[in-house]
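Participant: Respectively, the protein sequence lines represent chains A and B.
Numbered by the working numbering, the letters in the first sequence go through residues 4 to 257 in order.
Numbered by the working numbering, the letters in the second sequence go through residues 4 to 257 in order.
No lab work stands behind these hints, which were simulated from the structure alone.
Heads up, a few of these hints could be off.
Which copy? The list can't say, so a pair holds if one copy fits it or any two copies do.
[Stated by the list, open to error] Think about it this way: if two alpha-carbon atoms lie no more than 27 Å apart in a straight line, the pair counts; the simulated DSSO-like pairs of lysine-lysine are:
id : residue 1 : residue 2
1  : 252       : 23
2  : 70        : 196
3  : 20        : 229
4  : 229       : 196
5  : 23        : 241
6  : 35        : 142
A quick note: this is a predicted structure, and the numbers were derived from the prediction, not measured.
2 protein chains.
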Amino acid sequence: MNVVFIGSGNVATHIAKAFKASGANITQVWSKHREHATALSVLVDAQVIPDLENIDPSADLYVIAVKDDAIAAVSCALSAVNGTVVHTSGATDISVLSGIRNFGVIYPLQTFSKDTAISFTNVPLCIEAKDSNLLGELKEIAGQLSPLIYEVDSERRRILHLAAVFACNFVNHLYTLSDRVLQHNGLNFELLKPLIAETALKVQTQAPVTVQTGPAVRNDVETMAKHLDLLVDMPELKEIYQTLSSSIKKHTNC
Amino acid sequence: MNVVFIGSGNVATHIAKAFKASGANITQVWSKHREHATALSVLVDAQVIPDLENIDPSADLYVIAVKDDAIAAVSCALSAVNGTVVHTSGATDISVLSGIRNFGVIYPLQTFSKDTAISFTNVPLCIEAKDSNLLGELKEIAGQLSPLIYEVDSERRRILHLAAVFACNFVNHLYTLSDRVLQHNGLNFELLKPLIAETALKVQTQAPVTVQTGPAVRNDVETMAKHLDLLVDMPELKEIYQTLSSSIKKHTNC
Numbered sequence: 004m005n006v007v008f009i010g011s012g013n014v015a016t017h018i019a020k021a022f023k024a025s026g027a028n029i030t031q032v033w034s035k036h037r038e039h040a041t042a043l044s045v046l047v048d049a050q051v052i053p054d055l056e057n058i059d060p061s062a063d064l065y066v067i068a069v070k071d072d073a074i075a076a077v078s079c080a081l082s083a084v085n086g087t088v089v090h091t092s093g094a095t096d097i098s099v100l101s102g103i104r105n106f107g108v109i110y111p112l113q114t115f116s117k118d119t120a121i122s123f124t125n126v127p128l129c130i131e132a133k134d135s136n137l138l139g140e141l142k143e144i145a146g147q148l149s150p151l152i153y154e155v156d157s158e159r160r161r162i163l164h165l166a167a168v169f170a171c172n173f174v175n176h177l178y179t180l181s182d183r184v185l186q187h188n189g190l191n192f193e194l195l196k197p198l199i200a201e202t203a204l205k206v207q208t209q210a211p212v213t214v215q216t217g218p219a220v221r222n223d224v225e226t227m228a229k230h231l232d233l234l235v236d237m238p239e240l241k242e243i244y245q246t247l248s249s250s251i252k253k254h255t256n257c
Numbered sequence: 004m005n006v007v008f009i010g011s012g013n014v015a016t017h018i019a020k021a022f023k024a025s026g027a028n029i030t031q032v033w034s035k036h037r038e039h040a041t042a043l044s045v046l047v048d049a050q051v052i053p054d055l056e057n058i059d060p061s062a063d064l065y066v067i068a069v070k071d072d073a074i075a076a077v078s079c080a081l082s083a084v085n086g087t088v089v090h091t092s093g094a095t096d097i098s099v100l101s102g103i104r105n106f107g108v109i110y111p112l113q114t115f116s117k118d119t120a121i122s123f124t125n126v127p128l129c130i131e132a133k134d135s136n137l138l139g140e141l142k143e144i145a146g147q148l149s150p151l152i153y154e155v156d157s158e159r160r161r162i163l164h165l166a167a168v169f170a171c172n173f174v175n176h177l178y179t180l181s182d183r184v185l186q187h188n189g190l191n192f193e194l195l196k197p198l199i200a201e202t203a204l205k206v207q208t209q210a211p212v213t214v215q216t217g218p219a220v221r222n223d224v225e226t227m228a229k230h231l232d233l234l235v236d237m238p239e240l241k242e243i244y245q246t247l248s249s250s251i252k253k254h255t256n257c
């Protein structure tokens with residue numbers, strides 16, 4: 004299978020490496036950022052193309068992994084290809100690709116960072132296609148990367164993406180804030196790492212609402228007041244502390 | 004070593020089991036909740052005492068693991084003992100025990116839930132003692148439970164406890180909220196589990212601020228607007244979304 008990549012960021016890089024590892028050929032890489040395209044092309048042994056007009060129209064699969072607001076523009080350049088064109092965005096409707104002959108979505112529900120290797124066998128891939136024939140094909144293609152294949156339409160994919168913002172992006176930011184609190188007081192983030200790992204591990208087997216701990220769920224007013232005192236120099240963290248604590252109280256009692 | 008437990012909740016139970024496993028004898032358990040005391044006593048082969056007045060004054064160690072606001076009251080009953088008395092609270096000053104001959108703190112920086120086994124070898128234990136002699140003793144005692152022993156005074160322990168609220172309690176609540184978003188739309192929390200695991204794994208080796216992903220850090224205004232639209236029926240989640248997104252934008256740019 005010959006695959007062309009449009010985009011060369013974290014998502015493109017991780018998916019391209021996974022396709023390569025599954026035995027596919029990555030034939031071309033295009034990116035607005037030429038130096039990123041070059042870096043990816045070296046990793047997966049592909050050719051960099053300077054313009055989308057140079058795209059090979061005979062590839063089997065075209066993977067669009069660019070910023071959401073650039074998908075529409077790059078897809079115009081793919082209107083003449085015969086192969087299947089997929090985008091990889093959680094928040095973007097499949098219809099953005101409707102000017103293309105065969106189109107679909109492969110949305111990897113995972114967080115990808117530079118320099119962090121990911122085992123794709125543990126990445127849920129949410130797929131959608133313009134029709135059921137193509138859906139069958141995409142299932143097979145995506146199945147070469149991961150056993151966790153889910154059919155998810157655009158509406159539900161948007162919801163998943165939103166839930167992922169809470170469970171990943173916001174969670175990571177709370178890690179950052181805890182690190183700030185520690186640094187502000189000369190303490191090391193290292194001490195929190197076992198706690199962070201255990202907190203994520205618990206919800207792999209139990210519903211999060213059932214394993215909530217801490218002063219808010221106990222309605223331990225005294226401890227919460229002490230914590231707010233400690234945040235007197237950090238008004239932004241104080242607001243977040245109050246907002247989340249009052250939300251915990253609400254959700255636990257209903 | 005003979006150890007008496009005051010309290011029989013999650014923290015008491017996990018520490019008592021760890022002491023038992025390390026070869027100590029748990030001789031007595033007292034709790035305001037008689038049936039919890041009985042359950043713990045069965046687990047660690049100890050005697051339940053109905054009143055604190057029945058406490059054995061000759062034990063080596065007394066572990067107080069009750070609600071923070073009850074520590075002062077139970078410690079009064081321990082003023083005559085010869086052994087070392089420790090509390091296990093992150094938010095409580097060591098001075099609450101100052102009426103006792105030998106006193107200190109062993110604060111396990113971990114989240115403990117009923118029905119979730121914990122390997123204590125991966126639990127940081129923050130210790131403090133009334134003097135350096137006792138600190139040495141506590142190091143040895145705590146060292147039988149975990150290799151991760153840190154000397155942390157009351158002021159810094161309070162900070163750690165606060166940071167843990169962000170990195171654990173608030174994080175777990177975000178898992179709960181993401182579950183709500185999914186349930187509200189007929190989707191399964193299962194799909195988010197690899198993402199949750201990976202998000203916690205990444206910060207074991209990288210500073211969280213360096214691995215932040217998502218629409219807020221990219222300042223992807225369009226996606227954030229779409230997400231807020233999806234939360235129109237959930238005003239509380241909408242507020243949290245806005246608060247955390249604007250915090251992400253601030254912290255990433257500084």
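Participant: With reference to the structure, classify each hint as holding or not holding.
Facilitator: We went through each hint and held it up to the structure:
no. : hint      : verdict
1   : 252 / 23  : neither (48 Å within a copy, 35 Å between copies)
2   : 70 / 196  : between (32 Å within a copy, 25 Å between copies)
3   : 20 / 229  : neither (49 Å within a copy, 31 Å between copies)
4   : 229 / 196 : within (24 Å within a copy, 33 Å between copies)
5   : 23 / 241  : neither (47 Å within a copy, 40 Å between copies)
6   : 35 / 142  : neither (29 Å within a copy, 57 Å between copies)
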